[in-house]
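S.K.: All chains should be modelled from the sequences, with the hints used to inform the complete structure.
Residue numbers (the numbering used here), protein chains in the order written: chain A, 2 to 449; chain B, 2 to 449.
Read the hints as simulated data drawn from the structure, not as lab findings.
Be a bit skeptical, because a hint or two may be false.
As the list makes no split between identical chains, a pair holds if one copy fits it or if it spans any two.
Stated by the list, open to error - Straight-line distance between alpha carbons at most 20 Å, and here's what the computed DMTMM-like set of lysine to aspartate or glutamate pairs gives:
id	residue 1	residue 2
1	Lys64	Glu88
2	Lys108	Glu88
3	Lys48	Asp349
4	Lys64	Glu154
5	Lys64	Asp228
6	Lys414	Asp8
All figures in this text were calculated on a predicted structure; none of them were measured in a lab.
Protein chains: 2
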Amino acid sequence: MTVLQQDILAQLHQLLDDSALQQLTTALGTLHPGHVADFLESLPPDKREQVWAILLADEGFEKVLAYAEGDVRLSLLQDMAPAAVAELTANLDMDDAADVLQDMPDKQAEDVLAAMDEQRRIRIEKVLSYQQDTAGGLMDTSVLTVRTDVTLETVLRYLRLHTELPDKTDMLLVIDRDNHFQGALFLSRLLTHSPDLLVADVMSSHVEPIPPEMSTHHVANLFEQRDWISAPVVRGDGYLLGRITIDDVVDVIRDEAEHSLMSRAGLDEDDDIFAPTFLTARQRALWLGINLATAFLAAWVIGWFEATLEQIVALAVLMPIVASMGGIAGTQTLTVMIRGMALGKVMDTNTMWLMRKELAVGFINGAIWAVVVGLVASVWFHNMMLGVIIASALMVNLLFAALSGTLIPLLLKRLSIDPALAGGVVLTTVTDVVGFFSFLGLATIFLL
Amino acid sequence: MTVLQQDILAQLHQLLDDSALQQLTTALGTLHPGHVADFLESLPPDKREQVWAILLADEGFEKVLAYAEGDVRLSLLQDMAPAAVAELTANLDMDDAADVLQDMPDKQAEDVLAAMDEQRRIRIEKVLSYQQDTAGGLMDTSVLTVRTDVTLETVLRYLRLHTELPDKTDMLLVIDRDNHFQGALFLSRLLTHSPDLLVADVMSSHVEPIPPEMSTHHVANLFEQRDWISAPVVRGDGYLLGRITIDDVVDVIRDEAEHSLMSRAGLDEDDDIFAPTFLTARQRALWLGINLATAFLAAWVIGWFEATLEQIVALAVLMPIVASMGGIAGTQTLTVMIRGMALGKVMDTNTMWLMRKELAVGFINGAIWAVVVGLVASVWFHNMMLGVIIASALMVNLLFAALSGTLIPLLLKRLSIDPALAGGVVLTTVTDVVGFFSFLGLATIFLL
Chain A
2 MTVLQQDILA
12 QLHQLLDDSA
22 LQQLTTALGT
32 LHPGHVADFL
42 ESLPPDKREQ
52 VWAILLADEG
62 FEKVLAYAEG
72 DVRLSLLQDM
82 APAAVAELTA
92 NLDMDDAADV
102 LQDMPDKQAE
112 DVLAAMDEQR
122 RIRIEKVLSY
132 QQDTAGGLMD
142 TSVLTVRTDV
152 TLETVLRYLR
162 LHTELPDKTD
172 MLLVIDRDNH
182 FQGALFLSRL
192 LTHSPDLLVA
202 DVMSSHVEPI
212 PPEMSTHHVA
222 NLFEQRDWIS
232 APVVRGDGYL
242 LGRITIDDVV
252 DVIRDEAEHS
262 LMSRAGLDED
272 DDIFAPTFLT
282 ARQRALWLGI
292 NLATAFLAAW
302 VIGWFEATLE
312 QIVALAVLMP
322 IVASMGGIAG
332 TQTLTVMIRG
342 MALGKVMDTN
352 TMWLMRKELA
362 VGFINGAIWA
372 VVVGLVASVW
382 FHNMMLGVII
392 ASALMVNLLF
402 AALSGTLIPL
412 LLKRLSIDPA
422 LAGGVVLTTV
432 TDVVGFFSFL
442 GLATIFLL
Chain B
2 MTVLQQDILA
12 QLHQLLDDSA
22 LQQLTTALGT
32 LHPGHVADFL
42 ESLPPDKREQ
52 VWAILLADEG
62 FEKVLAYAEG
72 DVRLSLLQDM
82 APAAVAELTA
92 NLDMDDAADV
102 LQDMPDKQAE
112 DVLAAMDEQR
122 RIRIEKVLSY
132 QQDTAGGLMD
142 TSVLTVRTDV
152 TLETVLRYLR
162 LHTELPDKTD
172 MLLVIDRDNH
182 FQGALFLSRL
192 LTHSPDLLVA
202 DVMSSHVEPI
212 PPEMSTHHVA
222 NLFEQRDWIS
232 APVVRGDGYL
242 LGRITIDDVV
252 DVIRDEAEHS
262 LMSRAGLDED
272 DDIFAPTFLT
282 ARQRALWLGI
292 NLATAFLAAW
302 VIGWFEATLE
312 QIVALAVLMP
322 IVASMGGIAG
332 TQTLTVMIRG
342 MALGKVMDTN
352 TMWLMRKELA
362 VGFINGAIWA
372 VVVGLVASVW
382 FHNMMLGVII
392 ASALMVNLLF
402 AALSGTLIPL
412 LLKRLSIDPA
422 LAGGVVLTTV
432 TDVVGFFSFL
442 GLATIFLL
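M.R.: Encoded structure:
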């Protein structure tokens, strides 16, 4: 969001507040559909509905759907007739139209498909046959192809027959008569080589085709690592299916990043910030429930030491410090591990090294802050032994935090559970339980 | 990181473990420099040094520096002589070489610059004159330019004089005789129009030039929103400085995402997972110290109620539940707000709507879980009033959490403090203090 865009958005909000709908419509007509999507996403439900109705009255706003986020798009389409949705999506790129349908409830998606003309339905169903999180679901089927045995001169004449090339065309795909992928003719090579040469002489045959089953995560890493603009999607038998372009990959990268961020709080990256209250409350309730269960677990552990707490109330005052420091230190290790795993840097051969390092870091920082906490506690409660006990408990908990922060994500991954989603909950459960147990346990032994 | 890459990495690790250095060198020679960087990043310090020494003995591995992360790059270069670093970076793109220098300690960077040949030094200093987080710091100065008054035929002949075009060239930049930006000639238009036409007739003059001062955050949003491959960087007076390409923008997007994620735990996205123990311990210690201060604040609040806790020890058992649920609920709101703000969707005109909504969500989920917690507490401690009190305290804390989750990021932003970094600490301090205070305070009033 640029400063410019912020200004524009603010002006649009102003026009809407002033009910200057005529001017608003004009202003929206001059904007890129991506910006119109931004505007819709920044509106509460009732206003969003109002603006969407205005947009629908005009033509050419359907591209907004390609740019709006999942939940926002659903909120726009939920009350529309299947035929109307089919008409709206008719001018979208095949992959964008498929995305719209994939986000819908199955029943609604079927109705919309049934309302489309047959040719388009068949083509969309082809894209839909691949999972949304695979290369097949990401690909676009509009591809310019050429054959190996023609000259660049012929290719140049063929291109001039077009009024424009498909978006993000940095290469023409070279195929044989059976539509089998042979290589890529980069525009930069087409333009720098003699027109008399054959495509076969100039094409790059080392371009790696992407299988349609490859996960979008892998596709994004390949694009990022190789600095690609586009890449061909080719079936196992060599048949060329389509191509993936960097703009869609950028969306994958952004979505993945948002997913890691949002799932830490038990949220979904598709969530609409302006979703109705009840929907949001329902989406968030489960996460609170899970965390409540872990909080009760910690409370239960504290409950074992009621007799101790009754005698030394200072323990109740200090115990959250031990638990909280463990949670913070463990989260640091966990975050580093999850990132290292996502980037593929954590492997069997270096896990032991990492765990030893994290334990050493936990030991050093544990020692430093244990001394501080111990001193403060001793002075505060005029009890030297209490200081020694909280320092020891802190040390124990920070070592456990280092161990848990390293092992929990590895364990969760082995169990096929997303560490970004569950890692934090499991970790803080461990650091709470260990923190309370070690502190209150040591106190029971040495202070009573 | 693809499955393929994971396999390759595992094999490389194996070769290194077996000390099959000859084979390792051969294997590394066949890899993309991005993969070699991945391999280096997945090695503990001593092994990393060993492999880097092997790489340095050969030629052509300097591109690895363009792909390695900041801290990793520094660890590779720290013991090298300035002249050696100057030689290594001599073949890097101007923007990559500038990045390497910008990450170095000032003294070392100056020495390296002094060791470069003059022409390159002047060009790099030009890039260095812009902040690393601006368009100027991101741009590359290798640009193909054409003039308005020539025919496409001439342009095509001119291009054939090159053996290749600069990477990611999707447009030629059109300038006048004073190097002032006039527009862009997209390759796709060059290829689809008659060679007899003039550049002036075919060029796009609505291409938005980027000012060198624009932040990389804004640049990335523009690229993402407009689906650009490259964009010209133009000074205020119209002088063409260079261009920004999508591959560098993808890095910005990835870095931003990592920054949000890592800064939640007080970490830096440039941190090296295999950094030496002491460096890591130092990097993390401050964050633990800050959190310790907030933990003491919470303990101090609990301390006010020592007399109450002495009489009813059940309060000590249950109080972490109230604090923890507030923290979880508040983090959900905070995460949604920070994301909404980053995407530019939170504005003055809708802040009130959002706050009311978050309060309503807090009320609903507060009510649901308050009943559960209240019932469990009543049964557990056979004290109905205790259940009512914890339910009320939970309700109060969840409403405060909603309010804080909404207002804290807005306030921090106004104070120019990164909400992703500080938001969580401030929020949990509020929810801890309010949680303990409301629960123990209500108990003091109604149970004593």
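S.K.: Each hint: holds or not?
M.R.: Quick rundown of the hints versus the structure:
{"no.": "1", "hint": "Lys64 with Glu88", "result": "within (12 Å within a copy, 50 Å between copies)"}
{"no.": "2", "hint": "Lys108 with Glu88", "result": "within (18 Å within a copy, 63 Å between copies)"}
{"no.": "3", "hint": "Lys48 with Asp349", "result": "between (53 Å within a copy, 15 Å between copies)"}
{"no.": "4", "hint": "Lys64 with Glu154", "result": "neither (36 Å within a copy, 35 Å between copies)"}
{"no.": "5", "hint": "Lys64 with Asp228", "result": "between (27 Å within a copy, 13 Å between copies)"}
{"no.": "6", "hint": "Lys414 with Asp8", "result": "between (44 Å within a copy, 17 Å between copies)"}
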